[in-house]
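Novice: Chain residues, written in single-letter form:
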Amino acid sequence: MSHVALVDIRQRAGYLFLAVMLGHIILISAQVNARSGVPVLEAVTFGVFAEVQRGTSAIVAGVRAVWSGYVSLRQVRIENDALKQQLAAAQFDLQEQRALADRSRGLEQLLDLRDRASLRTTAAEIIGAGATPDFRTLTIDKGERDGLRSDMAVIAPAGVVGRVVVPSGRAAKVQLLIDRNAAAGALIERSRAQGVAVGAGDELLRLEYVAEVSDVAVGDVVVTSGIDGIFPKGFIIGRVEAVEKSGGGYKEITVRPAVDFSRLEEVLVVVSPMPAAEAADGSGQ
Amino acid sequence: MRAVGVALAIALAIALQTTLARFVIRGTVAVDLVLVVVVYSALTNGPVTGLLAGTFGGLVQDSLSTGVIGIGGLAKTIVGFLAGIVGTQFIVAQPLPRFVVFFGATVLHAAVFIGLYELLDLRQFGAPYAAVAGQALGNAVVGVVAFQIVELVPGAIERRRMARTRTRR
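Chains A and B supply the protein sequences, listed in that same order. Start counting the first sequence at -4; every next residue gets the next number (the working numbering). Start counting the second sequence at 173; every next residue gets the next number (the working numbering).
Rather than coming from a laboratory, the hints here were simulated on the basis of the structure. Beta carbons: idealized from backbone N, C-alpha and C, even for Gly. Mixed in with the good hints there might be a few duds.
For each label pair, taking beta carbons as the anchor points, the in silico distance ranges come out as [stated by the list, open to error]:
1. A/214 with B/272: 44 to 54 Å
2. B/272 with A/239: 46 to 56 Å
3. A/61 with B/235: 50 to 60 Å
4. A/243 with B/265: 53 to 63 Å
To list a few chain B residues with every Cβ distance to chain A over 10 Å, as calculated [said to hold, decoys possible]:
5. 184
6. 264
7. 323
8. 338
Using the sequences provided together with the hints, build the complete structure.
Specialist: This is the structure in structure tokens:
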């Protein structure tokens, strides 16, 4: 019986291929955001069902309106609607005041964190690399049980390594600074010119958004500026390897990382101060 | 049984990839072992095994990476399916045709993978022609060598056994 089914599948390889492709497209759509910032699958599904809901709601609302407006007591309904509106306005005001208070508390905590000079770190051993060559990641042997959270900075004695992106119970995935999606606030140590160090996918970094008039020279040390809320200020990122004029108001700067990512065996995860995003979330709760 | 073998081969490839890639992470990583296993399975077992191996291997790789889950799976599914069709329609029994298939499969995989990421505006890859060519070359060499080993080793062992038997007589 199973042999017959297998033969059947093999004869319909095209259908199977299309089904698998459709499955992948649905899977990707569920993760990729549309222009509105909502996943495409959710946007499409929501869009379709919203129309159904709109129709259903219109019918129900029509029936209810007829019932409550004409069949039920008319005056009571009008009074009730007014009271509901007042209550909704009061609730909105309350939410607004609460949000303002939370925001103030969050800013206070962030300022407090910024003032702390000493960092608390935990050592971790590298136990693996990324599963695909297109993403520059490492796996370390410490996870949530050791207090690791997303967006915690990972450093080595030579300089910045990257940040924690996926912590699990006993391990965590670290996105290296050389990954195409990685970036860190940076500044030139000598001239204090600010920019953003961005991964290029190979062994080098690009220092972007450095103004054309800024004082940058080959050999300058690039350090973290701390403005990204992930990497503590003053840690070495690398050295300027090339400076070119792009003509677009910014310099084209290539930076060689201070860390030799191929020889890393142990790293330090900065567990305190906690990431800015978490601090903001925590204050909101 | 064959499916279990392919799944084990993919698991082994991922284990090797995550172990070996660590030591060459600084430069361009030139081999995607999972893709090699997918193309190998497709050439030896046909398009259905190829596409299922591609789906499984790609999704596992996606889930272990920081990207969108499904893009690598989709790319490897297409590659596995087409490599399987090539394997059934053409005679791919010599090293050179196999090299061409592995090379072409890697280029196609990169085109779909990078194309989807660029199309969805998720990552910018620039002009990674050298990296893709390097990976295609690496995958092709590893693939052809894998074929040679699988085909030659059992015969060599048998010949050695026969030679020993003659010597004893």
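Novice: Hint by hint, note whether the structure agrees.
Specialist: How the hints compare with the structure:
{"no.": "1", "hint": "A/214 with B/272: 44 to 54 Å", "in the structure": "46 Å, holds"}
{"no.": "2", "hint": "B/272 with A/239: 46 to 56 Å", "in the structure": "39 Å, violated"}
{"no.": "3", "hint": "A/61 with B/235: 50 to 60 Å", "in the structure": "54 Å, holds"}
{"no.": "4", "hint": "A/243 with B/265: 53 to 63 Å", "in the structure": "54 Å, holds"}
{"no.": "5", "hint": "184", "in the structure": "13 Å, holds"}
{"no.": "6", "hint": "264", "in the structure": "18 Å, holds"}
{"no.": "7", "hint": "323", "in the structure": "24 Å, holds"}
{"no.": "8", "hint": "338", "in the structure": "43 Å, holds"}
The structure shown violates just one earlier hint, number 2.
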